[in-house]
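Q: Spelled out, the chains give:
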Amino acid sequence: MLIIFAITAGVVFACGVYLMLRRSMVRLIIGLSLLTYAVNLLIFSVDDLSTRAAPIIDAVSEEQMADPLPQALILTAIVISFGMLAFSLALAYRASQAAQTDNIDVLQSTDRDM
Amino acid sequence: MQQFIVLPLIIPLLMALTALVRLRSFRRRLALIGALANLLACIALLIITETGNIQVSQMGGHPAPYGISLVVDPLSAMMLTITAIILFTSVIYSRTAIDANRERFNYYPLLGCLLLGINLAFMTGDLFTLYVAFEIMLMSSFVLLTLGGERGQLEGGLKYVILNVVGSTVFLIAVGLTYAVAGTLNLADLAQRLAGVGPESRDMTTVLAGLFLLAFGIKAAIFPLFFWLPASYHTPPIAITALFGGLLTKVGVYSMWRVLVMVFPNELVVLQPLLLALAMLTMITGVLGAVAQMELRRLLSFHIISQIGYLLMGTALLTEAGLAGAVFFMIHVILAKTALFYISGIAYEAQGSYDLKKLGGMRKMHPGVALLFLLAAFSLAGLPPLPGFWAKLLLIRAALEIGQYGVVAVALVVSLLTMYSMVKIWNEAFWKPPAAGRAAAMLTRDDRRSLFIPASVLVILIVVVGLFAEPMIRLSSQAARSIMEPALYVESVLVENGVGE
Chain A
1 MLIIFAITAG VVFACGVYLM LRRSMVRLII GLSLLTYAVN LLIFSVDDLS TRAAPIIDAV
61 SEEQMADPLP QALILTAIVI SFGMLAFSLA LAYRASQAAQ TDNIDVLQST DRDM
Chain B
1001 MQQFIVLPLI IPLLMALTAL VRLRSFRRRL ALIGALANLL ACIALLIITE TGNIQVSQMG
1061 GHPAPYGISL VVDPLSAMML TITAIILFTS VIYSRTAIDA NRERFNYYPL LGCLLLGINL
1121 AFMTGDLFTL YVAFEIMLMS SFVLLTLGGE RGQLEGGLKY VILNVVGSTV FLIAVGLTYA
1181 VAGTLNLADL AQRLAGVGPE SRDMTTVLAG LFLLAFGIKA AIFPLFFWLP ASYHTPPIAI
1241 TALFGGLLTK VGVYSMWRVL VMVFPNELVV LQPLLLALAM LTMITGVLGA VAQMELRRLL
1301 SFHIISQIGY LLMGTALLTE AGLAGAVFFM IHVILAKTAL FYISGIAYEA QGSYDLKKLG
1361 GMRKMHPGVA LLFLLAAFSL AGLPPLPGFW AKLLLIRAAL EIGQYGVVAV ALVVSLLTMY
1421 SMVKIWNEAF WKPPAAGRAA AMLTRDDRRS LFIPASVLVI LIVVVGLFAE PMIRLSSQAA
1481 RSIMEPALYV ESVLVENGVG E
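So the sequences go chain by chain: A and B.
When we follow this note's numbering, the leftmost residue of the first sequence carries the number 1, and every step to the right adds one.
When we follow this note's numbering, the leftmost residue of the second sequence carries the number 1001, and every step to the right adds one.
Hints were generated in silico from the structure; no laboratory data involved.
Please note: incorrect hints may appear among the correct ones.
Coverage of chain A stretches by chain B, computed from C-beta distances (three or more under 8 Å per stretch; other residues unrestricted) [as the list claims (entries may be wrong)]:
1. 21–35
2. 38–44
3. 48–56
4. 59–65
5. 72–81
Quantities reported herein were computed from a predicted structural model and do not represent experimental measurements.
Every residue, glycine too, gets a C-beta built ideally from N, C-alpha and C.
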């Protein structure tokens, strides 16, 4: 189970990095969101992936409980990455409007003299 | 008493919320009151922790290491206070330097959120909360950077956003793996557990330290991860550039101290050659980039990178003396850098350009500003008796003590080049006669007040820190000690306020 998980996370990482290295702004942002998914998978695999019970005190004995912390971390990370994604999409849209292109290589006006 | 330490979080939040009001004059006044209240609270914390005593508060009453701990030790208190000073001056400066339109689109609430993120990063005793603090800070900085939506801002903003989100992703990976290895994210608990790690699992923890170095390196803009900084920092209005240039990269350096030096001291020994090499390269590339620039904001942006190199140098020495030098340097560089950005903003308001070729004659027009510039620039370059000299003296002495002569040579040459680029600004903007056909804009009384007061306050602080270096060095040493010897920190968080051993 863990090995499948590791390979999946690795493949998602690779896809994300590949997309981020493309020149298109849209692909860049899709790649970025894939990266954050891959991280979430990685954090999920921190607890062992057996089918343990929900961590409710008194209802489940301590040995059978799943570790709730990785799940809490993922939940927070999902919310944050959602906000980031929304913001970067809006920013990319405005930037592509201003620059009349979605090719990142062309966005050099800030590196030259103004 | 313990709950008192949440004030630096509550006040920025209130400041952000109240500054949402639609009445313009109210908005400014509320922001100013918020910044002042935050400054007073931080000074109070500094006085409380000055004797080396550590304030801890467990959020929600859950004992450490299970809850979220807020910890204010001498280093945190120093960083909080200096941040509060910069933010307070920034609010005054924004009166003139931020246009009405940006102000209307919630400039002040964003400042409040930014302050909240920075303060949380300085106070948290927990790795995941540090991640959240970074995100709060980044999100507000993204919006501040692109507020106004000019083309340069959008392009620079895109690069800034993407590279910083990648940095956060690396940080999150490191946090997840740390939890897998150590089973805790509380910094005090981590420091204790990782100190007991045997050599057999040292490889894994060294990889973790490397990942944290990468993540904080992107935030702190060290070589070769700094490319987002010169691409974006010169695009927003100068008040925002000054605030970012003074504070944001320094939060990355602070996190290096808090996480790498405190939690991973044994792993850093393995990474030391890498750290030293990075410090030298950061200093050199930063200053060479600055020397090549003819645009004030870009020149100063490259200097941010070069100064980060000095901070990294103090960190890489891995001695208490080195870290104390770095802490002192941090205080000095935040003040000097922000002051220089403020002064270049005054030059812009007076002459309508940041281009050194188009500026000129500032010495005759504004002799007071010329004096402010000289003091701040000399401090940055490291002339006695200004604090830049003491900071560099401490750093170089610490490096000589452990025989790192290469880094000393680089630090001295970079100082010289810093002086060279400061002289270039002086010659072009202040000394040479004004360019023909350029009418000087008249600054109104009101503008003068809001532009000159912040710059003067910072320069006066620089001079005071330089003249009374002894108590500041003592404070810095104490802050460095609280990082290098975390026993007291661990005890305060875990034993006195946690479940104990």
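Q: Against this structure, judge whether each hint is valid.
A: Each hint tested on the structure:
| no. | hint | verdict |
| --- | --- | --- |
| 1 | 21–35 | holds (count 4) |
| 2 | 38–44 | holds (count 3) |
| 3 | 48–56 | violated (count 0) |
| 4 | 59–65 | violated (count 0) |
| 5 | 72–81 | holds (count 4) |
In summary, the structure is inconsistent with hints 3, 4 from the numbered list given earlier, while agreeing with the others.
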